[in-house]
Amino acid sequence: MNATKPSWFSHSALALGFAFLYLPMLILIIYSFNESRLVTVWSGFSLKWYGELFRDQQMIDAAKVSLQIAFMTACASVVLGTMAAMVMTRFRQFPGKAMFSALMTAPLVMPEVITGLSILLLFVAMGQTFGLFQERGVTTIWIAHVTFCVAFVTVVISSRMSELDRSLEEAAMDLGANRVKVFFLITLPIIAPALASGWLLAFTLSLDDLVISSFVSGPSSTTLPMKVFSSVRMGVSPKINALATLMIAIVSIAAFLGWWLMAREEKQRQRDMQLALQQGG
Amino acid sequence: MAATASSVAAANGVAKSDAPIREDYVRIDDLTKEYDGFRAVDDVSLSIRKGEIFALLGASGCGKSTLLRCLAGFEKPTYGKIELDGVSIVEQAAYDRPINMMFQSYALFPHMTVEQNIGFGLKMAGLARDRVAARVEEMLTLVQMNRFAKRKPHQLSGGQQQRVALARSLALSPKLLLLDEPMGALDKKLRSQMQLELVGIIERLGVTCVMVTHDQEEAMTMATRIAIMDAGKIRQVGTPDEIYEQPASRFVAQFIGSVNLLEGTIEDDEKDHVTIRSDVLEQPIHVGHGVTGFEGQAVAYALRPEKIKIEKDEPAQPHNKVRGLIEDIAYFGTHSVYHVRLQTGKKLLVHFMNAKRWASERFTWNDTVWLSWGDNAGVVLTS
Ligand SMILES: Nc1ncnc2c1ncn2[C@@H]1O[C@H](COP(=O)(O)OP(=O)(O)O)[C@@H](O)[C@H]1O
Ligand SMILES: [Mg+2]
Numbered sequence: 013m014n015a016t017k018p019s020w021f022s023h024s025a026l027a028l029g030f031a032f033l034y035l036p037m038l039i040l041i042i043y044s045f046n047e048s049r050l051v052t053v054w055s056g057f058s059l060k061w062y063g064e065l066f067r068d069q070q071m072i073d074a075a076k077v078s079l080q081i082a083f084m085t086a087c088a089s090v091v092l093g094t095m096a097a098m099v100m101t102r103f104r105q106f107p108g109k110a111m112f113s114a115l116m117t118a119p120l121v122m123p124e125v126i127t128g129l130s131i132l133l134l135f136v137a138m139g140q141t142f143g144l145f146q147e148r149g150v151t152t153i154w155i156a157h158v159t160f161c162v163a164f165v166t167v168v169i170s171s172r173m174s175e176l177d178r179s180l181e182e183a184a185m186d187l188g189a190n191r192v193k194v195f196f197l198i199t200l201p202i203i204a205p206a207l208a209s210g211w212l213l214a215f216t217l218s219l220d221d222l223v224i225s226s227f228v229s230g231p232s233s234t235t236l237p238m239k240v241f242s243s244v245r246m247g248v249s250p251k252i253n254a255l256a257t258l259m260i261a262i263v264s265i266a267a268f269l270g271w272w273l274m275a276r277e278e279k280q281r282q283r284d285m286q287l288a289l290q291q292g293g
Numbered sequence: 179m180a181a182t183a184s185s186v187a188a189a190n191g192v193a194k195s196d197a198p199i200r201e202d203y204v205r206i207d208d209l210t211k212e213y214d215g216f217r218a219v220d221d222v223s224l225s226i227r228k229g230e231i232f233a234l235l236g237a238s239g240c241g242k243s244t245l246l247r248c249l250a251g252f253e254k255p256t257y258g259k260i261e262l263d264g265v266s267i268v269e270q271a272a273y274d275r276p277i278n279m280m281f282q283s284y285a286l287f288p289h290m291t292v293e294q295n296i297g298f299g300l301k302m303a304g305l306a307r308d309r310v311a312a313r314v315e316e317m318l319t320l321v322q323m324n325r326f327a328k329r330k331p332h333q334l335s336g337g338q339q340q341r342v343a344l345a346r347s348l349a350l351s352p353k354l355l356l357l358d359e360p361m362g363a364l365d366k367k368l369r370s371q372m373q374l375e376l377v378g379i380i381e382r383l384g385v386t387c388v389m390v391t392h393d394q395e396e397a398m399t400m401a402t403r404i405a406i407m408d409a410g411k412i413r414q415v416g417t418p419d420e421i422y423e424q425p426a427s428r429f430v431a432q433f434i435g436s437v438n439l440l441e442g443t444i445e446d447d448e449k450d451h452v453t454i455r456s457d458v459l460e461q462p463i464h465v466g467h468g469v470t471g472f473e474g475q476a477v478a479y480a481l482r483p484e485k486i487k488i489e490k491d492e493p494a495q496p497h498n499k500v501r502g503l504i505e506d507i508a509y510f511g512t513h514s515v516y517h518v519r520l521q522t523g524k525k526l527l528v529h530f531m532n533a534k535r536w537a538s539e540r541f542t543w544n545d546t547v548w549l550s551w552g553d554n555a556g557v558v559l560t561s
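Protein chains in written order, with this note's numbering: chain A, 13 to 293; chain B, 179 to 561.
So here's chain A without its partners, still in its complex pose (with noise of 0.2 Å):
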């Protein structure tokens, strides 16, 4: 393996990887503009299917549940795994600080299939000693996507937080700023952008459950993602290709927005750098 001189091999693994990877979408978005009812047979270029799905009801119904759910579930994960990395990178040493850290960051590495049973079967204990969730839907949904989302965006938001430079917090301090005050004006703002990122992985996973809402989900309350699978098992409609294409497409375009901002301002950073060199002390 040579780095600096790419030879056919690492060529043609490059490309084997990125047929790999994307070969299966672009398929499914190609179909997704076929005429016919047959996914598998092309027979001319066509949006029916898109005007389909905007008149399947259920569809935008799952759609609308799945979007306020994972809203919601983004929110609250970014509080409490704020929260919780503040306890992980500020709070002086405590006795079980690292089986707090470890405890955690553990339900990443947890199948999908023990964290959903868990949930319901606390649900079902809650409803049982106290009535409370004995109605399973939206909520119950929303608690479980943060359970597992608060780990994820607990890691992000800690791995910035424990690069940030601690002296800028007892700068604000030292100039008379309190606790609450340094928090919300300088920690916040300095890890905003750990924040949003921490924001839409929450979004993106709980948007994508399919596990652990199979659980925890009532009759009321079908997400995108259950009705997708429920739909796909009747016999695949090439309505879903257009719905996966929207899907991909949005993501898409929300990657590349977050790609280009952090592009732009670091090209911002480097020219003002250089400027204040050239104009030196």
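You may find that some hints are simply not true.
The calculated BS3-like cross-link candidates involving lysine-lysine, where the alpha carbons are at most 30 Å apart (straight line), are [what the hints assert, rightly or not]: (1) K193/A with K330/B; (2) K353/B with K279/A; (3) K193/A with K254/B; (4) K367/B with K279/A; (5) K109/A with K254/B; (6) K485/B with K279/A; (7) K485/B with K524/B; (8) K279/A with K328/B; (9) K485/B with K193/A; (10) K353/B with K193/A; (11) K193/A with K259/B; (12) K193/A with K301/B.
Pairwise CB distance ranges (calculated) [to be verified]: (13) M274/A with A363/B: 25 to 31 Å; (14) D308/B with D220/A: 51 to 57 Å; (15) T216/A with D308/B: 43 to 49 Å; (16) R178/A with D365/B: 20 to 26 Å; (17) F268/A with A312/B: 42 to 48 Å; (18) A312/B with A208/A: 34 to 40 Å; (19) F268/A with D308/B: 41 to 47 Å; (20) Y509/B with R281/A: 53 to 59 Å; (21) F103/A with L374/B: 38 to 44 Å; (22) G215/B with M259/A: 37 to 43 Å; (23) A312/B with P201/A: 24 to 30 Å; (24) G215/B with Q286/A: 45 to 51 Å; (25) F268/A with R382/B: 41 to 47 Å.
Which bits of chain A does chain B cover? Going by a derived footprint, with three or more residues having C-beta under 8 Å, they are [as the list claims (entries may be wrong)]: (26) 184–193; (27) 237–250.
Keep in mind that the hints were calculated from the coordinates and are not lab data. We put the CB at the ideal spot given by N, CA and C, even for glycine.
Chain B with the ligands: place on chain A using the hints.
Structure of chain B with the ligands alone, referenced to chain A:
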């Protein structure tokens, strides 16, 4: 280097000594800070005068930053007292102390402009908007940064960032200003310029200042008094020339500048002179003043390289002279350092000012030379 630094400091000392002095504006008593049983600061007691620039000088890891952070309130001392202007501050939180610090990394808030950075403390103090603006303007003028008021910190060079950091820490008119390695983040060329500028500003405002540095040249140039720290303890406190010319121990003598240490014992202890017998010299050393010691006591005679005279022919004086062979020469432009080996095998460092461009009396390798020094050229060290 040490010689030039001390002469600058001596000049400063004369200029600074006329104001009425309060001996213990800042009082530190038996201050100790332990980390898991390890004493980073070990039983330190200090008095700092009003209006002086006091430097804590020591090698990396000796505990000087920890001491500074105890003053700022970021670390709670394990025990000990700190008084500022007669008020005990140990129990006060960092945000309640009338003390401000300039951080080594400057710690400018990256999401705020220069103006907002300088105004932050004023805003926290609850000042009205127009009064904040007026004070910020005043501070910008003080550090000559008015042109850059709307810039963000990353749009500034290192020297400019330092001015902003200084302005920010002075905006609240603190009773005590703390500087942590103030020149640490600057390149060498900028340093000497900023050192003098910083001292100028601090003296103009008359603010009392404690600085931390590991750079002796920096401490000598900037400080009125210096405390030498080692392993959490204060080894000596004094003006730069006191520290250089009258070190109290072998450690301090070796820490500041370069020195020849001649180990020996007191042979003859008279009222007006003392002789010290040393194994490395044939003749005893003649010291032209009494010392607090006893005959037979083991001492070291500390002799700075620039106090030794080097010449071809035997000097006329009866004692304090020795013959040697030039083994090595280091040319520094302003002066040359000769490494001279004595007959006993001991090597002495000798500075020679290059006062003439093409000195005919300059020496070369393997020249046999005579070294000599005055009766009061060195210091007798008992510890
Ligand atoms: N938070 C801390 N926990 C444990 N040890 C520390 C801490 N801060 C400093 N120390 C130790 O205290 C000693 C002095 O540190 P410091 O005051 O930073 O030294 P200096 O500023 O003189 O280089 C060092 O040995 C350092 O390892
Ligand atoms: Mg330090």
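Status of each hint after checking the structure:
1. K193/A with K330/B: Distance of about 21 Å is within 30 Å: holds.
2. K353/B with K279/A: violated, 42 Å
3. K193/A with K254/B: This hinted pair holds, its Cα atoms lying about 21 Å apart.
4. K367/B with K279/A: OK: K367/B and K279/A at ~29 Å, within 30 Å.
5. K109/A with K254/B: The given pair, whose Cα atoms are some 22 Å apart, holds under the 30 Å limit.
6. K485/B with K279/A: violated, 57 Å
7. K485/B with K524/B: The hint holds at about 18 Å.
8. K279/A with K328/B: Holds, at about 20 Å.
9. K485/B with K193/A: violated, 58 Å
10. K353/B with K193/A: holds, 23 Å
11. K193/A with K259/B: holds, 29 Å
12. K193/A with K301/B: Roughly 12 Å between the alpha carbons, so the hint for K193/A and K301/B holds.
13. M274/A with A363/B: 25 to 31 Å: Holds, at about 27 Å.
14. D308/B with D220/A: 51 to 57 Å: Holds - the Cβ-Cβ distance for D308/B and D220/A, about 53 Å, lies within 51 to 57 Å.
15. T216/A with D308/B: 43 to 49 Å: Holds: the Cβ-Cβ distance is about 48 Å, inside 43 to 49 Å.
16. R178/A with D365/B: 20 to 26 Å: holds, 25 Å
17. F268/A with A312/B: 42 to 48 Å: holds, 47 Å
18. A312/B with A208/A: 34 to 40 Å: holds, 37 Å
19. F268/A with D308/B: 41 to 47 Å: This hint holds: roughly 45 Å between Cβ atoms.
20. Y509/B with R281/A: 53 to 59 Å: violated, 45 Å
21. F103/A with L374/B: 38 to 44 Å: Once the Cβ atoms are compared, 43 Å apart, the range 38 to 44 Å for L374/B and F103/A holds.
22. G215/B with M259/A: 37 to 43 Å: violated, 59 Å
23. A312/B with P201/A: 24 to 30 Å: holds, 26 Å
24. G215/B with Q286/A: 45 to 51 Å: Hint holds: Cβ distance 49 Å, inside 45 to 51 Å.
25. F268/A with R382/B: 41 to 47 Å: violated, 54 Å
26. 184–193: With 8 residues closer than 8 Å to chain B, the segment 184–193 of chain A meets the three-residue bar; holds.
27. 237–250: Violated: only 0 residues of the segment 237–250 of chain A have a Cβ under 8 Å from chain B.
Taken one by one, the earlier hints fail for this structure at numbers 2, 6, 9, 20, 22, 25 and 27, listed in ascending order.
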